[in-house]
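Can you make the complete structure from the sequences, with help from the hints?
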Amino acid sequence: MANERLGFLEEALTSYSRAISFYERARGSATSKAARTTPFIDEMERWAECALYRHALLTVYAQPAQAASALRAYEVHESRWPGTFRQPQRNVIRALFARLTQPNEPSRAAPQVLKPVSARTTATRRPRPAPTTAHPFSTVKSTVVRLLQQDPGFPRANESNAHPETLAEQLVESWRSQCGANSAMEADDVVTLLYGLAGITFRSQTIQRLLVHMLFAAEAYAEAYAIVPKYMALVDTTWKAHGVPAQRSTAELRAIDGPREYVDTVLLGAHIALRYMNDPRQAQEWVDELLLVGTSDKSSRHRFTMEPALLARTLRSAGEVRVAQVRLVAPAERTGLMDDARVFLQDSLSLDNDASETCYILACILALERQFDDALKHARRALELEPAFVDAWHLIVLLLSARKDFLGARNLASEALAQVEADDDASDAQIAAGSRADPRTQLLSFDYPPTAFQRAGSYIRLLVTHNVLLELTMGAASALDAQRDLFAAYHVRVAPLCASPAPASNEPDAVFMRAPSMMLKPKAELAETPTHARNMFRARVGTQLLQRLWLLSAASFRRIGDLEQSRCAIAEAEQLDARFAEVWVQLAQWCLVSGPSKAGAAVTCLYKALSCDTNHVAASVHLARVLLRPSEQLNMRASHAESIAAVASAASSEQMPLSDFALADDPGIASAGDAENHARATPSRGLGGSSPTATNPKTSPDQEGNGALGDVALPFRWQHDVPPVGRTAWPRLSCAPSTLFHGWDVSEAWHTLGQLAQQTKRSVDVQRRAFLEALRLESTRPIRPWNAALDMPL
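The sequence shown begins at 1 in the UniProt record's numbering and counts up by one.
In short, the hints are calculated from the structure, not lab data. One should not assume that every hint holds.
[What the hints assert, rightly or not] Here are the simulated DSS-like cross-link-like pairs (lysine-lysine), alpha carbons at most 27 Å apart as the crow flies:
(1) Lys230 - Lys240
(2) Lys608 - Lys598
(3) Lys141 - Lys230
(4) Lys377 - Lys404
[Stated by the list, open to error] Ranges between beta-carbon positions, derived for each pair:
(5) Asp577 - Leu772: 36 to 44 Å
(6) Pro308 - Ser249: 20 to 28 Å
(7) Arg18 - Pro64: 21 to 29 Å
(8) Val92 - Arg303: 30 to 38 Å
(9) His491 - Arg301: 49 to 57 Å
We put the beta carbon where it would ideally sit given N, CA and C, even for glycine.
Structure below.
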């Protein structure tokens, strides 16, 4: 200490080192083994702490290159001391240790050598800067654990946040640097530690923001979705009290997030709501809120002006959430929604023309609008910027098939599959060799790069499209031979990532018990742990993907006439999940092909499909087709009559779109009573019972002699205030809603609607409009539906 006061820094460091060495030899002897297991304080410990503390501070000042090791030496000896011993000095060491590796501040430690880049990205856009921390993730994790194990001091507003927030940021940054964005297992540990840090902080925006990002990385999407509104409310309250900082403010001991952090987190929440929670309306609400408070329009709610890069991301999200709602709105609103989405994405592309995601989403919108030339241009641009983007390859294949170039689409799909496999093999070789380079499959320009599980799913979907093209160009036999590769690829790429859910622990984690009430997870709604949530999510998606493979095989067997193998494939899909609507649609088609005697069973299967998914377009269309052509073997069951009555009781739309107008501008049957009598006289309506004259005095003896059926059983009888629905009205109720909403671009739905207009003697103009729309859609139809083939809510 005398040398330090005199300015002889080298001599002082040498003296401190010798004192520490003497201390370690004394405490490492056989007589002091108890000291290593039981925290205690004596005079030697006090002087040793003084030497360690001053040696660390002097090293940071005089020898920055060795600062990390000196600070780490102090932390190693902390385990000997009680939690109340020399807390001010220990807090100083922790703060220096965190600041030394803090990415947002210049570090005087040796700079980290940047990883070589071997990814195929050609775009210059990098939304996530390369991590600069040089500290091992395991060391930072241990530091946070030791902090959480100490007894918390007296909580004071603001003052309790500075050190935990710094450690939290350093923990997340070290995870990104050394574990990678796809290391979901390590992300689980980070989430647990962040919840623990939330328990020793006071309304920390930093902890909540990092929790959203890390829960997203851990694939616990529902939990991240639940925290986003809490974070938004906390930031909004703080900004109202202190104003909006130009950038993240750390002047106070409690950090205040700036516009960049806020916009980034809210956009992530909108992405989660749209892609994983199936809630595009909530996503639009959040994005529109950002546009309201963060654009240059000086409205009453304007608070800041976003920089061009952030504005481009926000506009892209605004377009994406709107195109996801095209199947949820009425036709009168759909055109405006599509126009708004296209304008938002074009504006976003003008601000950031290197965004592959923007080009891809814009291409999807143009494909929905049947503007294939422009869609191909933007899809190719997206692929040029990110050559490893599987869905961009897939979109181009679908666009070629929509232009009826099936051979070219099949060849391109083969080339895309070969390229994807080459990239995956190269990435696996890099990982096996321990290379520090970014994998070839990494999409560096993406805001939210796909995980390994999502990339595997995209590969399987592209393989399915290739198989469908193969069947169309070379026959079902060739497709069935190639389907062996489909199942093999699934079990190699997807099945290993679909681990079974881990059993939840009965005892709550102590870290979660310490979290404040505003941060506690709603246990009744969310998974017990991020690991459990991730396994459940992957199991659900993987199971549905495997079911689609079995149903693809069943359809191919059915088309070549091998009904036995087709039924076995359907049974395999049903065993995986009987609540999947596609299973019952395929079974209904199998029943219809098997013979007229199974038409009633087909109707039952289609009703089951609609009970699994009310908006299933294929089930509605097939049901309408079956009911349009009833046979003697098609007997309407009581449950069917009940379903018809329930649909008939639904309120009709106030507007009159094309599909409704096509069925209402012709008078048709003179009255509702005539329609009911006509329906009762057909064998496809009602249940047998008492004589028609007894139950319905208006029924004539001629109808009784022709085998007319009586009213249905009492529980399923029509309501007195509900207009009767006959044989031709129920297909309309099945098909018209499909053409209004989810099936607005499905040619089969419009064709069935035209057949219904033709069978009910509607005007020629009405029939022509429905058939022309079906013809237009069929002439520009891709080999597979856009929303089924692509990992995109369209």
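>> Given a hint of 49 to 57 Å, does the C-beta separation of His491 and Arg301 actually sit inside it?
In response: Hint holds: Cβ distance 53 Å, inside 49 to 57 Å.
> Hey, Lys377 versus Lys404, does the alpha-carbon distance stay inside 27 Å?
Replying inline: Holds, at roughly 18 Å.
>> Against the range 21 to 29 Å, how does the distance between the Cβ atoms of Arg18 and Pro64 compare: consistent or not?
In response: 22 Å, holds
> Can the restraint linking Lys230 and Lys240 be considered satisfied, given a maximum Cα separation of 27 Å?
Replying inline: Measuring from Cα to Cα gives roughly 16 Å; hence the hint holds.
> How does the Cβ-Cβ distance of Asp577 and Leu772 compare with 36 to 44 Å: does it lie in that range?
Replying inline: 39 Å, holds
> Holds or violated: are the alpha carbons of Lys141 and Lys230 at most 27 Å from each other?
Replying inline: 26 Å, holds
> Is Lys608 close enough to Lys598, meaning Cα to Cα at most 27 Å?
Replying inline: 15 Å, holds
> Do Pro308 and Ser249 keep their Cβ atoms within the hinted range of 20 to 28 Å?
Replying inline: Holds, at about 23 Å.
> When you take the CB atoms of Val92 and Arg303, is the distance between them in 30 to 38 Å?
Replying inline: 37 Å, holds
Consistency note: the structure conflicts with none of the earlier hints.
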